[in-house]
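Undergrad: Hey, can you work out the whole structure from these sequences and the hints?
Residue numbers (this note's numbering), protein chains in the order written: chain A, 610 to 956; chain B, 610 to 956; chain C, 610 to 956.
Read the hints as simulated data drawn from the structure, not as lab findings.
Keep in mind it's a predicted model, so treat the numbers as computed, not measured.
Do not take every clue at face value.
The list makes no distinction among identical chains, and a pair is therefore deemed to hold if it is satisfied within one copy or across any two copies.
In the SDA-like style, the derived pairs of lysine to any residue whose C-alpha atoms are separated by at most 20 Å in a straight line are [to be verified]: (1) Lys655 / Arg636; (2) Lys928 / Thr938; (3) Lys928 / Ala945; (4) Lys924 / Arg934; (5) Lys924 / Met905; (6) Lys948 / Thr778.
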Amino acid sequence: MTVVALREIAEQLGGEVIGDASRRIDRIGALDSATPSTIAFLANPKLRAQLPQSKAGCVIVGPADRDAAVARGTTLVTPDPYLYYARLTRWWVARGRPPAVAAIHPSAVIAPDAEVAPGASIGALAVIEAGASIGDGAEIGAHAVVGAGTRIGPGSRLAPRVTIAERCTIGARCIIHSGVVIGADGFGFAAADGRWERIEQLGAVRIGDDVEIGANTCIDRGALDDTVIADGVKLDNLIQIGHNVRIGEHTAMAGCVGIAGSAVIGAHCTIGGAAMILGHIVLGDHVHISGGTFVMHSISKPGHYTGVYPFDENKTWEKNAATLRQLHTLRERLRALEKNARGPSTP
Amino acid sequence: MTVVALREIAEQLGGEVIGDASRRIDRIGALDSATPSTIAFLANPKLRAQLPQSKAGCVIVGPADRDAAVARGTTLVTPDPYLYYARLTRWWVARGRPPAVAAIHPSAVIAPDAEVAPGASIGALAVIEAGASIGDGAEIGAHAVVGAGTRIGPGSRLAPRVTIAERCTIGARCIIHSGVVIGADGFGFAAADGRWERIEQLGAVRIGDDVEIGANTCIDRGALDDTVIADGVKLDNLIQIGHNVRIGEHTAMAGCVGIAGSAVIGAHCTIGGAAMILGHIVLGDHVHISGGTFVMHSISKPGHYTGVYPFDENKTWEKNAATLRQLHTLRERLRALEKNARGPSTP
Amino acid sequence: MTVVALREIAEQLGGEVIGDASRRIDRIGALDSATPSTIAFLANPKLRAQLPQSKAGCVIVGPADRDAAVARGTTLVTPDPYLYYARLTRWWVARGRPPAVAAIHPSAVIAPDAEVAPGASIGALAVIEAGASIGDGAEIGAHAVVGAGTRIGPGSRLAPRVTIAERCTIGARCIIHSGVVIGADGFGFAAADGRWERIEQLGAVRIGDDVEIGANTCIDRGALDDTVIADGVKLDNLIQIGHNVRIGEHTAMAGCVGIAGSAVIGAHCTIGGAAMILGHIVLGDHVHISGGTFVMHSISKPGHYTGVYPFDENKTWEKNAATLRQLHTLRERLRALEKNARGPSTP
Chain A
610 MTVVALREIA
620 EQLGGEVIGD
630 ASRRIDRIGA
640 LDSATPSTIA
650 FLANPKLRAQ
660 LPQSKAGCVI
670 VGPADRDAAV
680 ARGTTLVTPD
690 PYLYYARLTR
700 WWVARGRPPA
710 VAAIHPSAVI
720 APDAEVAPGA
730 SIGALAVIEA
740 GASIGDGAEI
750 GAHAVVGAGT
760 RIGPGSRLAP
770 RVTIAERCTI
780 GARCIIHSGV
790 VIGADGFGFA
800 AADGRWERIE
810 QLGAVRIGDD
820 VEIGANTCID
830 RGALDDTVIA
840 DGVKLDNLIQ
850 IGHNVRIGEH
860 TAMAGCVGIA
870 GSAVIGAHCT
880 IGGAAMILGH
890 IVLGDHVHIS
900 GGTFVMHSIS
910 KPGHYTGVYP
920 FDENKTWEKN
930 AATLRQLHTL
940 RERLRALEKN
950 ARGPSTP
Chain B
610 MTVVALREIA
620 EQLGGEVIGD
630 ASRRIDRIGA
640 LDSATPSTIA
650 FLANPKLRAQ
660 LPQSKAGCVI
670 VGPADRDAAV
680 ARGTTLVTPD
690 PYLYYARLTR
700 WWVARGRPPA
710 VAAIHPSAVI
720 APDAEVAPGA
730 SIGALAVIEA
740 GASIGDGAEI
750 GAHAVVGAGT
760 RIGPGSRLAP
770 RVTIAERCTI
780 GARCIIHSGV
790 VIGADGFGFA
800 AADGRWERIE
810 QLGAVRIGDD
820 VEIGANTCID
830 RGALDDTVIA
840 DGVKLDNLIQ
850 IGHNVRIGEH
860 TAMAGCVGIA
870 GSAVIGAHCT
880 IGGAAMILGH
890 IVLGDHVHIS
900 GGTFVMHSIS
910 KPGHYTGVYP
920 FDENKTWEKN
930 AATLRQLHTL
940 RERLRALEKN
950 ARGPSTP
Chain C
610 MTVVALREIA
620 EQLGGEVIGD
630 ASRRIDRIGA
640 LDSATPSTIA
650 FLANPKLRAQ
660 LPQSKAGCVI
670 VGPADRDAAV
680 ARGTTLVTPD
690 PYLYYARLTR
700 WWVARGRPPA
710 VAAIHPSAVI
720 APDAEVAPGA
730 SIGALAVIEA
740 GASIGDGAEI
750 GAHAVVGAGT
760 RIGPGSRLAP
770 RVTIAERCTI
780 GARCIIHSGV
790 VIGADGFGFA
800 AADGRWERIE
810 QLGAVRIGDD
820 VEIGANTCID
830 RGALDDTVIA
840 DGVKLDNLIQ
850 IGHNVRIGEH
860 TAMAGCVGIA
870 GSAVIGAHCT
880 IGGAAMILGH
890 IVLGDHVHIS
900 GGTFVMHSIS
910 KPGHYTGVYP
920 FDENKTWEKN
930 AATLRQLHTL
940 RERLRALEKN
950 ARGPSTP
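TA: Okay, here's the thing in structure tokens:
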């Protein structure tokens with residue numbers, strides 16, 4: 610178990626400690642479940658009411674909450690408590706983690722001509738195919754498959770059971786979670802006499818640096834050119850990225866999102882859970898799509914867009930939904946009334 | 610092939626046999642495709658019309674269908690035919706299954722300090738990491754990965770290719786299907802100057818007893834505390850459970866559901882296919898959500914809730930959807946007409 | 610790298626070459642990124658404007674674009690350029706692919722009584738269970754699991770890490786992508802005193818010839834009879850097919866679709882991305898469902914059906930969605946106004 614003095618945290622990550630800097634911290638936790646050896650944080654204003662009663666050994670707060678926090682007990686003040694918390698978790702985990710051992714598990718199956726950098730590690734039963742290259746410090750988890758000619762950048766980490774097909778590129782410091790499939794064939798067929806004729810997918814997938822990809826997410830290879838995920842993109846679990854899609858820098862997508870083929874998503878966008886983007890759509894930079902929204906035409910203007918059916922008790926929904934199916938007719942009737950209201954003599 | 614006398618079924622599972630109890634049964638089947646050696650059941654009233662013509666050797670019915678069933682032929686009467694059918698399938702499969710052999714496949718990779726109970730079995734090429742423990746009678750399928758320190762309860766069964774990350778807990782008698790990922794990192798980032806900074810996920814996943822989890826479903830580990838799935842929960846395929854989610858006892862969810870981070874779902878709820886629950890939402894006990902519904906605020910009152918756009922022929926949909934985008938304006942126009950109708954002199 | 614003379618393409622695949630048939634082609638590409646050694650195609654009328662400036666060595670066009678294409682340079686004329694492109698990719702890939710080596714990787718785990726045809730290949734760490742059979746020319750990827758008694762037809766290809774449970778059947782020339790799970794148990798439970806009792810799934814999955822199944826898609830085994838996917842069906846990634854579903858010939862489904870249990874989908878249907886089909890629904894042949902549509906009742910008439918909430922700027926959506934929850938009341942108010950407009954004396 611990691612145990613540190615509060616002082617040490619502040620020395621490493623900054624922030625002003627007010628109170629007992631020698632206090633020993635053995636856990637990062639939430640305000641309401643904190644113990645005297647827990648460091649907690651207050652970032653969400655909705656949780657302010659929990660501050661006075663928190664038993665935390667120290668609470669990280671922003672300048673606005675300084676006085677209230679100090680009145681409670683030991684406090685660490687920093688401009689952005691949530692960002693501080695993020696950095697604290699990373700420092701904490703890095704500190705507690707045993708030094709990575711660059712090793713190749715004897716059960717891994719590695720093609721003779723694959724290149725594995727001396728500082729890389731390969732897990733049990735992983736398969737590294739012909740001509741693949743694994744960068745320095747990269748970690749390939751158990752049961753991962755790295756296809757022929759695929760390159761994994763330095764410091765990237767594949768969790769157990771990640772599959773990357775042939776000729777793809779993963780940048781540096783990426784984190785790819787279990788079950789991810791990168792480089793499966795895109796969904797391309799030509800119709801011929803009521804049957805579907807397969808189109809071979811000749812492109813690959815190129816993923817930038819510092820990309821994170823959630824469990825069981827799929828990114829298909831391009832039809833002619835590559836599917837491209839730019840630096841800093843964060844994808845949650847069970848997301849589908851179709852062939853030829855391009856996603857701009859630092860865009861984030863929540864779980865269950867689908868991006869159909871050839872869509873182009875700008876930089877610094879956020880796509881809420883289960884939102885769907887139609888094929889060939891273009892979203893500009895800084896476009897934010899609410900969860901559950903189906904985007905069926907392009908959006909160039911930055912902003913926040915939504916299209917979700919409001920839920921209700923089932924009986925109420927039934928009545929409103931039935932009326933919705935006649936909405937256009939209602940408008941016609943309203944128009945007729947308006948015309949009528951203007952008087953019978955109006956031309 | 611299992612072949613039993615009808616009498617034996619009734620001795621094991623109860624029910625009143627009317628007719629030929631010595632009839633040999635070799636199959637459980639549907640009314641309309643039954644053969645004289647099939648035992649079928651009538652649970653859905655919509656299938657009543659199939660009863661008279663069914664060629665089944667025996668039909669399981671409730672008291673209300675007793676006379677009609679007896680008029681047809683051999684009958685087994687029981688208060689709840691669907692439950693009887695469920696129990697019959699379990700008895701049938703248990704009877705036909707060869708006795709489980711507690712064995713560790715020689716190709717499995719098991720850490721020296723992992724604990725495997727003597728009655729457990731480990732499939733081909735499975736990986737059991739350091740400090741993991743596998744309970745008595747548990748079955749770990751081929752290609753499964755059980756992470757460091759993770760505990761699998763007695764009698765639980767992991768299908769081939771299940772991945773459970775480190776420090777998670779699976780209760781007793783769980784069934785986890787292929788492709789499931791439990792304990793991948795939750796999706797947590799802090800924004801910093803247009804980039805995303807990773808938040809390490811310090812919690813784990815705790816799963817109770819008698820939980821079933823469908824193929825390719827993902828359950829993320831908690832950010833600070835654990836993600837918790839209570840006893841008796843049933844999850845279908847391709848479901849996403851975000852970090853910190855808590856799901857109450859005996860709640861069931863159909864395929865493609867998404868539960869965003871920190872949502873709390875009560876006990877005895879049902880969530881229909883592809884429904885989505887927003888983060889931090891709280892659903893009380895006995896809340897039933899229709900498939901395809903996006904739940905964006907908490908629900909405390911038990912009941913049935915829906916929010917699905919009614920589909921239509923595309924042309925009709927186009928007209929109604931276009932009008933929907935002006936709905937608020939229509940209401941304003943209606944209000945104006947109403948005001949007008951009250952007469953020009955109304956203040 | 611494949612390099613061919615344009616003449617050779619036309620000899621193999623047909624089409625009329627106008628211009629320099631000796632031109633050397635080393636790439637199939639898009640009009641706008643083509644080089645003088647690229648063969649491009651014009652199938653989408655929206656891309657017509659790109660034709661005159663394309664640097665392609667040859668452009669494949671239909672008869673209507675013949676003159677414009679010839680004015681630009683070397684041209685290949687064919688009745689259906691998109692279909693020609695599809696066939697060209699297949700010929701191209703087959704030509705460049707090294708001859709398949711029928712081999713069993715020494716790390717594969719194959720049950721003694723499994724049948725592997727002499728012309729089949731088995732990848733690293735694949736598991737072939739008891740009584741399974743692998744047809745001639747079939748390719749089983751690394752980490753694939755083929756369950757007991759399952760049959761893989763001749764020429765079918767399983768990408769790395771495909772899992773097929775016991776007693777299933779895959780036809781000839783199928784392509785199954787990474788992460789697919791076929792034959793997991795369907796989601797079947799009977800309610801008993803507030804708990805769920807498991808129903809064993811006694812059926813299996815039967816898949817026809819020439820079926821393609823995308824990454825991480827799941828197809829559950831039937832409860833009593835089999836789940837059936839007919840010849841020529843194409844399924845994209847992350848699709849959920851529930852138990853007992855039947856899908857007709859040459860139907861195609863885009864990513865993230867869900868088909869709930871016991872639904873019957875006709876032949877020659879298309880289902881757009883993230884559309885959901887409720888359980889027990891029947892869709893006739895030639896029914897086309899738009900992406901994002903939730904189908905909650907059966908459709909017998911061929912046609913195009915849609916049910917998607919139109920998205921908007923969030924503020925506008927908020928106003929319209931709030932009004933939608935009162936839509937039925939609005940209709941009542943409209944009706945009252947209409948009655949009133951007919952005059953106070955109308956009975």
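Undergrad: Are the CA atoms of Lys928 and Ala945 at most 20 Å apart within a copy, between copies, both, or neither?
TA: between (24 Å within a copy, 18 Å between copies)
Undergrad: How would you classify Lys948 and Thr778 at a CA-CA limit of 20 Å: within, between, both, or neither?
TA: Neither: 64 Å inside a chain and 66 Å across chains, both beyond 20 Å.
Undergrad: Quick one: Lys924 to Arg934, C-alpha cut-off 20 Å, is that within a copy, between copies, both, or neither?
TA: both (16 Å within a copy, 12 Å between copies)
Undergrad: Since the copies are identical, ignore which copy is meant and state whether Lys924 and Met905 lie within 20 Å (CA to CA) inside a copy, between copies, both or neither.
TA: between (29 Å within a copy, 16 Å between copies)
Undergrad: As a check of your reading, is Lys928 near Thr938 (CA-CA no more than 20 Å) within one copy, between copies, both or neither?
TA: both (16 Å within a copy, 9 Å between copies)
Undergrad: Have a look at Lys655 and Arg636 and pick one of within, between, both or neither, based on CA distance no larger than 20 Å.
TA: neither (23 Å within a copy, 58 Å between copies)
The structure fails hints 1, 6 (numbered hints given earlier, in ascending order).
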